[in-house]
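Student: Kindly produce the complete structure, drawing on both the sequences and the hints.
Heads up: the protein sequence lines correspond to chains A and B, in order.
In this text, residue positions in the first sequence follow full-length UniProt numbering: the first is 1, and each later residue adds one.
In this text, residue positions in the second sequence follow full-length UniProt numbering: the first is 1, and each later residue adds one.
Careful, some of the hints might be misleading.
Any copy, or any two copies together, can satisfy a pair, since identical chains are not distinguished.
[Said to hold, decoys possible] Pairs of lysine-lysine, DSS-like flavour, derived with a Cα cap of 30 Å:
id, residue 1, residue 2
1, Lys157, Lys16
2, Lys16, Lys259
3, Lys13, Lys238
4, Lys148, Lys238
5, Lys157, Lys238
6, Lys16, Lys2
7, Lys2, Lys27
8, Lys259, Lys2
9, Lys13, Lys157
Rather than coming from a laboratory, the hints here were simulated on the basis of the structure.
Values in this document were obtained by computation on a predicted structure and should not be read as measured data.
Here is how the chains run, residue by residue.
Protein chains: 2
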Amino acid sequence: MKSITSRDNPLYKELKLLATSSQARRKAGRTLLDGVHLCEVYLDQVGPPSLCVISESARQLVEVDALLADCGSRRVQCIMLPDALYHAVSQVENGVGVLFVVDTPTVGMPSRLDRSAVLLDNLQDPGNMGSILRSAAAAGIEQVFCSKGTVFAWSPKVLRAGMGAHFLLNIFENVDLEALLDGAGVPVLATSSHASQRIFDVDLRRPVAWLFGHEGQGVSPDLLARATHQVVIPHLGKVESLNVAASAAVCFFEQLRQKSAH
Amino acid sequence: MKSITSRDNPLYKELKLLATSSQARRKAGRTLLDGVHLCEVYLDQVGPPSLCVISESARQLVEVDALLADCGSRRVQCIMLPDALYHAVSQVENGVGVLFVVDTPTVGMPSRLDRSAVLLDNLQDPGNMGSILRSAAAAGIEQVFCSKGTVFAWSPKVLRAGMGAHFLLNIFENVDLEALLDGAGVPVLATSSHASQRIFDVDLRRPVAWLFGHEGQGVSPDLLARATHQVVIPHLGKVESLNVAASAAVCFFEQLRQKSAH
Numbered sequence: 001m002k003s004i005t006s007r008d009n010p011l012y013k014e015l016k017l018l019a020t021s022s023q024a025r026r027k028a029g030r031t032l033l034d035g036v037h038l039c040e041v042y043l044d045q046v047g048p049p050s051l052c053v054i055s056e057s058a059r060q061l062v063e064v065d066a067l068l069a070d071c072g073s074r075r076v077q078c079i080m081l082p083d084a085l086y087h088a089v090s091q092v093e094n095g096v097g098v099l100f101v102v103d104t105p106t107v108g109m110p111s112r113l114d115r116s117a118v119l120l121d122n123l124q125d126p127g128n129m130g131s132i133l134r135s136a137a138a139a140g141i142e143q144v145f146c147s148k149g150t151v152f153a154w155s156p157k158v159l160r161a162g163m164g165a166h167f168l169l170n171i172f173e174n175v176d177l178e179a180l181l182d183g184a185g186v187p188v189l190a191t192s193s194h195a196s197q198r199i200f201d202v203d204l205r206r207p208v209a210w211l212f213g214h215e216g217q218g219v220s221p222d223l224l225a226r227a228t229h230q231v232v233i234p235h236l237g238k239v240e241s242l243n244v245a246a247s248a249a250v251c252f253f254e255q256l257r258q259k260s261a262h
Numbered sequence: 001m002k003s004i005t006s007r008d009n010p011l012y013k014e015l016k017l018l019a020t021s022s023q024a025r026r027k028a029g030r031t032l033l034d035g036v037h038l039c040e041v042y043l044d045q046v047g048p049p050s051l052c053v054i055s056e057s058a059r060q061l062v063e064v065d066a067l068l069a070d071c072g073s074r075r076v077q078c079i080m081l082p083d084a085l086y087h088a089v090s091q092v093e094n095g096v097g098v099l100f101v102v103d104t105p106t107v108g109m110p111s112r113l114d115r116s117a118v119l120l121d122n123l124q125d126p127g128n129m130g131s132i133l134r135s136a137a138a139a140g141i142e143q144v145f146c147s148k149g150t151v152f153a154w155s156p157k158v159l160r161a162g163m164g165a166h167f168l169l170n171i172f173e174n175v176d177l178e179a180l181l182d183g184a185g186v187p188v189l190a191t192s193s194h195a196s197q198r199i200f201d202v203d204l205r206r207p208v209a210w211l212f213g214h215e216g217q218g219v220s221p222d223l224l225a226r227a228t229h230q231v232v233i234p235h236l237g238k239v240e241s242l243n244v245a246a247s248a249a250v251c252f253f254e255q256l257r258q259k260s261a262h
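Tutor: Below, the structure written as structure tokens:
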């Protein structure tokens, strides 16, 4: 395995840029998968990565051994970094010291919204994004459409929170959600604490698109006006609203419950 | 309003310690509420804080005006800090520049688990903790019991994610969950991807205690053995599990759905 020990090494500089700049990741069409679990899921679901990077300490770890053996048998290029250099390219606290460099999947935008999907309007928090992707994949949803202002789905933090859900979904970014909704072939549901129709009382046995918005401001008024249903998750007490990822999970699994009950 | 401009001011040093040290917060029995929303909820639900702190820039903001007027009419001590000093005591990115110093509520531990509750075993992530508290309060649950290793509920990050739910709940920390479960007077449900009973098929119209664990390792085996039910949130596809806060939301609102359907 090749070792890189200089911060001036061109490959190391490229890694550093991918690790720290969302713009660089978008431009290069590549991102970093940090941690054994994500790397294993990638190998299993997608295939060999462009590059495997480990820290010197990680080489001692049993769980990394198996991953390296798997990479070796698939002829994946592997490099080792001193711990200090590794930590500068890893955004994960207490990570195990292994990451993959992978190409961000590019999928052709469908001509029409015609199946169960999630639409994210200006969602900001990487943890929320990752949790929503994970819940969507677990509930059998296949498509996720993100507006221009939404956090980049392929950032290391979102990938980490998604726990591999990214590889089970088709994620479309920089989407004009207004145009998508104007041509939608399925009902579009947005949650709102001001709505009167309870989510439990809506027939969810058909495909629907779920629309979620910014953590503080919710879905923009122009999009909300295009939703076919505004629904409320009933609340008790004085709480104003749920966290957006919690709301999404309640919606997706209420749909799954209704589908499996009939 | 008093201004503090020196980093050596004793009150400022105390603030800095509260902002940066979980141990100091626990020892002092005090914490910081950061942001207009949390401060408003506190004034509304609990009463006047010990101290109100604002940044110089915040003084210009309309939304802070109303809060300061409210504090003034309740004779709350207010101090102003230069922005640089303020930002060193605020953990909130892009915050508005206002925080309260408040006493952490102390509530007597109940003798027995005898109503709907949430039990958290070694939960680590502040965002997950805040989301779970928010969902629990919204679903009408009143008690939350946290094991010793669980993230401190009154840390600024958890408070921020909880969006005021803390003030609607009784939160007990450093709880011996094994002892609590041994004497439980309600069914105790733990989610597990290995369980065969679907959460949708369990009768949740009665009070139950929900047990959730560490983000990676789940509930410890000793506690899991004490749960009366292990239940699964059905998944489709190849996703192994949901985010713990997403799971909790699904559980709490499935219970609310069942209760309100009958």
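Student: Which hints from the list above does the structure break, by number from lowest to highest?
Tutor: 2, 3, 8
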